[in-house]
Amino acid sequence: MGGHLDPKNGVYIGTWGDLGCPTPQKITTYSLSANRQRPLAGTLRAAFFNTFRRSKNQALYVVPPFVIAYAAMNWAIERNEYLNSKPGRAAEDGWFSEQSEMWPGQAMNLKVNQILHHEKSKYQDVLVFESSDYGTVLVLDNVIQCTERDEFSYQEMITHLAMNSHPNPKKVLVIGGGDGGVLREVVKHETVEEAILCDIDEAVVRVSKKYLPGMSIGFQHPNVKVHIGDGFEFLRNRKNEFDVIITDSSDPEGPAESLFQKSYFELLRDALRDGGVITTQAENQWLHLKLIGDLKKACKEVFPVAEYAYTTIPTYPSGQIGFMVCTKDPNRNLRVPMRTWSREEEERLCRYYNKEIHSASFILPNFARKVLDADA
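In case it helps, this note's numbering puts the sequence shown at residues 2 to 377.
Please note: incorrect hints may appear among the correct ones.
Claimed, not checked - Mimicking DSS-like on lysine-lysine, the simulated pairs with C-alpha atoms at most 25 angstroms apart in a straight line are: (1) 371 - 291; (2) 172 - 240; (3) 123 - 211; (4) 189 - 172; (5) 240 - 226; (6) 123 - 226; (7) 172 - 210; (8) 240 - 171.
Source of the hints: derived by calculation from the structure; they are not laboratory data.
Go ahead and model the full structure; you've got the sequences and the hints to work with.
Take a look at the structure:
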């Protein structure tokens, strides 16, 4: 490029070569004020409307190509941020589309009747909308957390796999789960004397109480206490306190990332009483098998018994979600429930979970077994 910065007037003097064109015999120069190049990081519009000017010495001042490219890139980024600041993508053509780098090449679409709530909390984007076929939907950072139609399969399994693997769970901790669904399931167990929920985002609790009454009913139980704060920090000073700890987290991004680390599982172990049990959300074997393998390895370094189970749920990626189930008791068989309900109680209390499903949820297809049971 043949251009240079004129130190006298702080102006970049460019040439036709700057524009990617052959240099004509009669040269007309192009320039851009150097002190105007910084504002160009904003938008392409600023580049065109704020930098064209004329001078006594040059025929015309225009934007050099590299600045146009830089401005265009930033304009695209800002446009994407603006679109993502809208209610998910729910307003576009009346459909919500869930897309994520964690499940590339696929999307979950739900038809939107109306947007009920949208806000940017301190930690994440919170969206609630009424869908045409799945009832009310809660979305965090453009990822579906629950729908009224199918939430029970997740809430029941992450809760009862742990609760029924303990002989007498009296004190229970829920990390995350601000929608109240896990609490609703926990207090179905008459042995529970105290259930504490710790969620980092008060907005999720507040919004769920308003728009998801069928799930947030758990907050109304007299044995329930709520703590708003970071689960990692909450556990630091808890030793030998809980019989069961359930981590109902979102995917390992943003505020939930720390809940997938070995150091977190060490805190869980220390907070459990002897014979204590944990469950935690553990992603999808179709999409995240390596991540699950690493997660199980980390759990087995902390707990003597660690197993992977899964459930089906239509609105989660690939229609499945998994759980790590772990215990401090080296002799515990997590695949067989220690406590069971009668058939009548199961049908009254649960829509998905039963003792047969409990055991079946640990049976893996061959492709997953090769990875997850390789060290068994």
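Now the hints, each set against the structure:
1. 371 - 291: holds (11 angstroms)
2. 172 - 240: holds (13 angstroms)
3. 123 - 211: Since the Cα atoms of residue 123 and residue 211 sit roughly 19 angstroms apart, the hinted pair holds (cutoff 25 angstroms).
4. 189 - 172: holds (13 angstroms)
5. 240 - 226: Cα-Cα ~18 angstroms, so holds.
6. 123 - 226: Distance of about 22 angstroms is within 25 angstroms: holds.
7. 172 - 210: This hinted pair holds, its Cα atoms lying about 23 angstroms apart.
8. 240 - 171: holds (16 angstroms)
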